[in-house]
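Chemist: Protein chains in written order, with this note's numbering: chain A, 509 to 873; chain B, 509 to 873.
FYI, nobody ran anything at the bench for these hints, they're computed from the structure.
Treat each hint with caution, since some may be false.
Claimed, not checked - Per label pair, the in silico range of CB-to-CB distance: (1) R749/B to S681/A: 57 to 67 angstroms; (2) D814/B to R539/A: 44 to 54 angstroms; (3) G863/A to D605/B: 36 to 46 angstroms; (4) K544/B to A798/A: 35 to 45 angstroms.
Stated by the list, open to error - Negatives, chain A to chain B, calculated, CB over 10 angstroms: (5) S584; (6) Y590; (7) E658; (8) L662; (9) A665; (10) F666; (11) D727; (12) A738; (13) E750; (14) G848.
For glycine and all other residues, C-beta sits at the position ideal for the given N, C-alpha and C.
2 protein chains.
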Amino acid sequence: MTLAAARTLRVAVSPAYDVDVSPGLLDDAGRFISEKNVALIADSTVRHLYGHELTDVLVGAGKTVKVVTFTPGEGSKNLPTYGRVIGDLASAGLGRDAAVVALGGGVTGDLAGFVAATYLRGIAYYQLPTSLLAMVDSSVGGKTGVDLPEGKNLVGAFWQPRAVLADVKTLESLPARELRQGAAEVFKTGLIGDPALADFAASQIVPAATGRGPLPSEDVLVDAVARSVAVKAAIVAADERELGVRAHLNLGHTLGHAMEAASRFALPHGDAVLYGIVFAALLGRRRGYADLVQSLAQVVKGLSPDPLPAFELDDLLPYLARDKKVVGGRPRFVLLADMGEPVVVDDVTEAEMRGAWSELEEMMR
Amino acid sequence: MTLAAARTLRVAVSPAYDVDVSPGLLDDAGRFISEKNVALIADSTVRHLYGHELTDVLVGAGKTVKVVTFTPGEGSKNLPTYGRVIGDLASAGLGRDAAVVALGGGVTGDLAGFVAATYLRGIAYYQLPTSLLAMVDSSVGGKTGVDLPEGKNLVGAFWQPRAVLADVKTLESLPARELRQGAAEVFKTGLIGDPALADFAASQIVPAATGRGPLPSEDVLVDAVARSVAVKAAIVAADERELGVRAHLNLGHTLGHAMEAASRFALPHGDAVLYGIVFAALLGRRRGYADLVQSLAQVVKGLSPDPLPAFELDDLLPYLARDKKVVGGRPRFVLLADMGEPVVVDDVTEAEMRGAWSELEEMMR
């Protein structure tokens, strides 16, 4: 057995919890979960990959495990699936002393977290993310929820996990396209809070994320996850309910969410955020902020996201108008005054959006 | 215009809010609601009685009002109705700066409160209870949620209103059966925290609640609501998340919830709790606590609840086993050591339950 890199990050929300980042953590999961009765929620793919083994680990640690599965994909992150999963917990007779264990990517974490937040008005839950995106994004912040036909994440709750176990060994099974979504998030996190991390993501993870290189070493993965979590944890701890600086994390998300919804989620989250980041750079240049358009566009192109969908801006405006970040009818954007210097703007006009969208199309098509 | 009784009770949860109790408050609702965009949620009966007028009041106060209605009754307190209502908010494009206004009884407050708790991960809401039960029970405590086929209130969240406006004039339209449900709750609240209030409820509200007398005066109604809210607010403020003394409020609820669920909600909440209170007195007598059986049973009979359903205890045990209050597989009961002295017990055996159930059947059938 090699002594691999391991990092523990404290997320100082209320109540505080730890994010443990290390290869092989799943084999040791029983040690972190104090509840005896556990609902293990996973999609059918992840159940097949890791669920049976994790069940054995938990049963071996003396726990009673109820396994609940659902069809993989963002299409399952909806109220009907939520209703079925929460009904399964009720049928199993789980009480307030039970815990939800979410094993999988962001969809699983969001869905299972919302189940935990609302079953019996809230029970304990643990996140065991198996994708890079879930490790660096949805595992910190306490956001849980599901989509509505009208848009992404329109239903949900803030609910903090008891602990997050990020076993980077699970990234070995991650398709390159999924790795890219996580790389996009590490890149974005670097842009708003740790410019060196943005460079690190571009140089160390992009090759693997585009299938042009092997998976980075476990040390590199642990480092990328831990540094991203550190940036995000500091922001979230300063603003647990998303009333202020936490909005910075939404860099690229205003346009990104609208594109995801308008594409009926055919365009994956990270790719949509990448386009959203360039869009934000274009808006920022129009306002006289530092011109980051070319340098950011180069990294985005290097990540080879799925092609920019053939939308008109008019296709996106209805989604932009109903974004959660809307204030007084105008969508809220996060722009970059410079690398590592996010600013929130509430007064972007339709004309500015049309201009930036034309430029984005020209650059990315 | 008469200068009627008016009381304001502070509920010191986080964030704190006021319960205003007064006749005619609905005419003045615009003054209490600071948000410009409002979703007014009511069942179709209450919409007809008060919703149109309230809409006029709110529009007159400069607000934009989206009215969302649903079919009256506990049968609407479920995930499908929740999904439809929250979808209506999304279709209307309401943002985080909007507020939910819940106009109606307990079902409306619980359902609309859960919508407010989870729409965009939580927006402001106001409770405008129009039943005595909603005024004294569900308007304090921050409990929101819906039922599952497996049992009552199995899904939900803690979410505090910005304000509660209890307009006792709305009680004039309340059927006697519904008034009885509220009288039962006032009685229960007195039993655990204000024995004089229990006497007051029995003498002042029971006659009207059983159709044997006129509706009490507005002064009496304001007094009953305000004193109940005061007891409940003190308990809830001491234990916002229901980890300790707040359990006392569940006097009569362990058996009550099981009977409601087993009857498919044909037995109304207050009536079920009344039987639950006598059941608790029977369990308490078996344990050597003060013998309150006859005195409580007399008040309960005086309230003429719907007949005790023809259950065997075996019909109720599955519901008792999956109650939210289950700890280590055993249902948790609140008993009375004496008037105003609730105690929580976790170790009631099946034999004790069987004995008490037989006695209850004998007394109440």
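Chemist: If a hint holds in the structure, say so; if it doesn't, say that too.
Modeler: Against the structure, the hints:
About 39 angstroms separates the C-beta atoms of R749/B and S681/A, a value inconsistent with the hinted range of 57 to 67 angstroms. Taking 44 to 54 angstroms as the suggested C-beta distance range, the pair D814/B and R539/A conforms, at roughly 52 angstroms. One distance hint, 36 to 46 angstroms for the beta-carbon pair G863/A and D605/B, is violated here, with the actual separation near 28 angstroms. For K544/B and A798/A, the Cβ-Cβ distance of about 36 angstroms falls inside the hinted range of 35 to 45 angstroms, so the restraint holds.
At roughly 15 angstroms from the closest C-beta of chain B, the C-beta of S584/A stays outside 10 angstroms, upholding its exclusion from the interface. With a closest Cβ-Cβ approach of about 8 angstroms to chain B, Y590/A is found to fall inside the 10 angstroms limit, against its non-interface label. A beta-carbon of chain B comes within 10 angstroms of the beta-carbon of E658/A; the shortest separation is about 4 angstroms. Under the 10 angstroms C-beta cut-off, the non-interface status given to L662/A relative to chain B is violated; the minimum distance is some 5 angstroms.
At roughly 6 angstroms from the closest C-beta of chain B, the C-beta of A665/A falls inside 10 angstroms, breaking its exclusion from the interface. Against the 10 angstroms criterion, F666/A falls within the reach of chain B, whose nearest CB is about 6 angstroms from its own CB. Residue-level check passed: D727/A sits 36 angstroms from the nearest beta carbon of chain B, beyond 10 angstroms. The Cβ of A738/A sits about 24 angstroms from the closest Cβ of chain B, beyond the 10 angstroms cut-off, so the non-interface label holds.
For E750/A, the condition that its CB be more than 10 angstroms from all CB atoms of chain B is violated, with the nearest at approximately 8 angstroms. The Cβ of G848/A lies farther than 10 angstroms from every Cβ of chain B, with a closest approach of about 27 angstroms, so its non-interface assignment holds.
Of the numbered hints listed earlier, those contradicted by the structure are 1, 3, 6, 7, 8, 9, 10 and 13.
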